[in-house]
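Now for the letters of each chain:
Protein chains: 4
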Amino acid sequence: MKHLTRTRVRYGETDKMGVAYYGRYMDWFEMGRSDFCRAMGKSFALWESEGVFLPVVEAHCRYKSSLLYEEEIDIETSVSNVTKVSVTFSNKIFHADTHKLAAEGYTKHAFIDSTGKLLRDGNKLEEWLREKSIEN
Amino acid sequence: MKHLTRTRVRYGETDKMGVAYYGRYMDWFEMGRSDFCRAMGKSFALWESEGVFLPVVEAHCRYKSSLLYEEEIDIETSVSNVTKVSVTFSNKIFHADTHKLAAEGYTKHAFIDSTGKLLRDGNKLEEWLREKSIEN
Amino acid sequence: MKHLTRTRVRYGETDKMGVAYYGRYMDWFEMGRSDFCRAMGKSFALWESEGVFLPVVEAHCRYKSSLLYEEEIDIETSVSNVTKVSVTFSNKIFHADTHKLAAEGYTKHAFIDSTGKLLRDGNKLEEWLREKSIEN
Amino acid sequence: MKHLTRTRVRYGETDKMGVAYYGRYMDWFEMGRSDFCRAMGKSFALWESEGVFLPVVEAHCRYKSSLLYEEEIDIETSVSNVTKVSVTFSNKIFHADTHKLAAEGYTKHAFIDSTGKLLRDGNKLEEWLREKSIEN
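Chains as they are written, first to last, in the numbering used here: chain X, 101 to 236; chain S, 101 to 236; chain L, 101 to 236; chain Z, 101 to 236.
Next up, chain X with everything else stripped away, as it sits in the complex (with noise of 0.2 Å):
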């Protein structure tokens, strides 16, 4: 299962050396992501409403080739990895207008409960993880 989440670079994301500056990629990553679990029929939203928050505990971006102010780019997301205590989100961006890959990494998060506690054993948002990237 692959989302796509198509997105401009914006005039605010860009820096001095007039194109994408590296740390905005983590923006469009969580863009992929949020978009992946909303496709799937539950938000980020709706499982903190429920208690299960998310919190990255590793960020990693390999970056190929540059962005530009105003180019229209391509986030790909998917889930490669689902573990009792943690999801990994792997993430490409492209270029939209040549499907060349300009950038890839990934983030790791925890499950936990509203009060910073690790969610353990078979909570209801790794099930859902799980099944939802088998079955897409």
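Treat the hints loosely; a few may be bogus.
It does not matter which identical chain is used: a pair holds within one copy or between any two.
As the list claims (entries may be wrong) - In silico DSS-like links for lysine-lysine, alpha-carbon gap of 25 Å or less:
no., residue 1, residue 2
1, 164, 142
2, 217, 192
3, 200, 217
4, 217, 164
These aren't lab readings, by the way, just hints derived from the structure by calculation.
Fit chains S, L and Z to the given chain X structure using the hints.
For chains S, L and Z alone, coordinates are given in the frame of chain X:
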């Protein structure tokens, strides 16, 4: 009472025009008023822990002179108005080396509780802000 | 002429008050005017490639109603004033589901060349903006 | 050689989970390496003025412990690797009050000229970075 906060323009705060992006001045105004309240003895975090929140209801900025990457800037913050239901912070941003004015503006804030309801009539934050802005 | 841009509030655009941070509205205003010009046939990127830049000289926003994570918003952009040396874009932000006004404001921009010098009298951008804002 | 930069978590750097947003750590890593080079005697701005740019080609972060609004943090920066065509900066972020590790990661940068071409073999930045990271 005027409080000064010194900071530096970050690379990620510039845009492809080679200077600081206009939207980031709002983050600097916030640094200024956060520092102001902390210096006066009670930070926004403490007010929030007592159930008093200050969402922005109006923001304004005039941009006079561009700011460059790694330039040091001084953010000057004062309270220009306090009413029973709101406070207005005024901000000026100076080039630290020349003391030349780079931008000026203000943010107006409502006093609300954690449910979003307006706090009227003699709430403690109003009294405190009046006292602090006269005293200093 | 009013141009609409639809987007969604990102997780990273919220703050600890649980709603969209006030400074991010400036990024949305910019998305709006970028889209406006692109829709009119000539993007900021193209104007810049011809040596015409539009730095913000004034920005204003009134915040009427909070925006939540993953909420869809409509950014309405129009040109409210054009002079020989400046243009003012007006923006409204609506909750996409209810069409209720969430915020409104404007940004005023000078016309400058790549050296930062004001472009006066009959520059092509001025003519184009006048034409496009009447025409549409 | 380890360089320390102290800063505070801004309100706009938090998200609806009530703590600092994961993407903003990239901005802090950049503050750290900017400060490192400035402290070593030659800032990125000066290198860029001589036609040497350092785009990020890889970024990584492990998040250990959440950071709160207005908390002071220490960003520790060092050079962990220099090759003929790249440099890797390592970063640790500490809670300033407890010296507890909050996050750690790195960014790898290529050496390019203003046209985006890789600078190979004995460019001055490579020599300077080697010297500074041994010396200090």
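**Message:** When Cα atoms must be at most 25 Å apart, do residue 200 and residue 217 count as within-copy, between-copy, both, or neither?
**Reply:** Between. Shortest inter-copy distance 19 Å satisfies the 25 Å Cα cut-off; intra-copy 41 Å does not.
**Request:** At 25 Å max between alpha carbons, let me know whether residue 217 reaches residue 192 within a copy, between copies, both or neither.
**Result:** between (31 Å within a copy, 24 Å between copies)
**Prompt:** Can you tell me if residue 217 and residue 164 fall within 25 Å by alpha carbon in one copy, between copies, both or neither?
**Reply:** between (37 Å within a copy, 14 Å between copies)
**Item:** Copy assignment of residue 164 with residue 142, given that the CA separation must stay at most 25 Å
**Value:** neither (32 Å within a copy, 27 Å between copies)
Of the numbered hints stated above, the single one contradicted by the structure is hint 1.
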